[in-house]
Amino acid sequence: MTQPVPTLTLCKKSDVPEDEAIQIEKDDLVLAVYHVDGEFFVTDDLCTHGPGSLSQGYLDGHVIECDFHAGCFDIRSGEVVTPPCMIPIKTYKVTEDPDDVVIEIPRD
Numbered sequence: 001m002t003q004p005v006p007t008l009t010l011c012k013k014s015d016v017p018e019d020e021a022i023q024i025e026k027d028d029l030v031l032a033v034y035h036v037d038g039e040f041f042v043t044d045d046l047c048t049h050g051p052g053s054l055s056q057g058y059l060d061g062h063v064i065e066c067d068f069h070a071g072c073f074d075i076r077s078g079e080v081v082t083p084p085c086m087i088p089i090k091t092y093k094v095t096e097d098p099d100d101v102v103i104e105i106p107r108d
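Residue numbers (our numbering): 1 to 108.
It should be emphasised that the hints constitute simulated quantities derived from the structure, not laboratory data. Certain hints may be false.
Said to hold, decoys possible - Computed cross-link-like contacts, DSBU-like style, restricted to lysine-lysine with a CA-CA straight-line distance of at most 30 Å:
| # | residue 1 | residue 2 |
| --- | --- | --- |
| 1 | Lys12 | Lys93 |
| 2 | Lys13 | Lys93 |
| 3 | Lys90 | Lys26 |
| 4 | Lys93 | Lys26 |
| 5 | Lys13 | Lys26 |
| 6 | Lys90 | Lys13 |
| 7 | Lys90 | Lys12 |
| 8 | Lys26 | Lys12 |
All chains should be modelled from the sequences, with the hints used to inform the complete structure.
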């Protein structure tokens, strides 16, 4: 029998303005929560190229531009869109919840 994947509630959906990102620190995680076209996405907040905070970057649709070196990532997949970044960012699966942004925490 498979065990359910653990989840973590990050914030209220109403806390994240449309077409913006916010930083959430919870349980040793520093995450960026994005709200795009009524959907929510979650990635690690730290850019993989340098000390930039992705939640402080420029969000254009599903692409976040790091505020440090202007590298870009797709927030849906974590894939690099624009150098100088080379390493994808970690993404988290957002679960269905009517009021809160809740993510699955994969077991290591």
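Hint-by-hint comparison with the structure:
1. Lys12 x Lys93: Holds, at roughly 16 Å.
2. Lys13 x Lys93: Holds, at about 15 Å.
3. Lys90 x Lys26: holds (16 Å)
4. Lys93 x Lys26: At roughly 16 Å apart (the allowed maximum being 30 Å), lysine 26 and lysine 93 satisfy the hint.
5. Lys13 x Lys26: holds (16 Å)
6. Lys90 x Lys13: Distance of about 21 Å is within 30 Å: holds.
7. Lys90 x Lys12: Given that 30 Å is the threshold and the Cα spacing comes to 21 Å, the pair holds.
8. Lys26 x Lys12: holds (14 Å)
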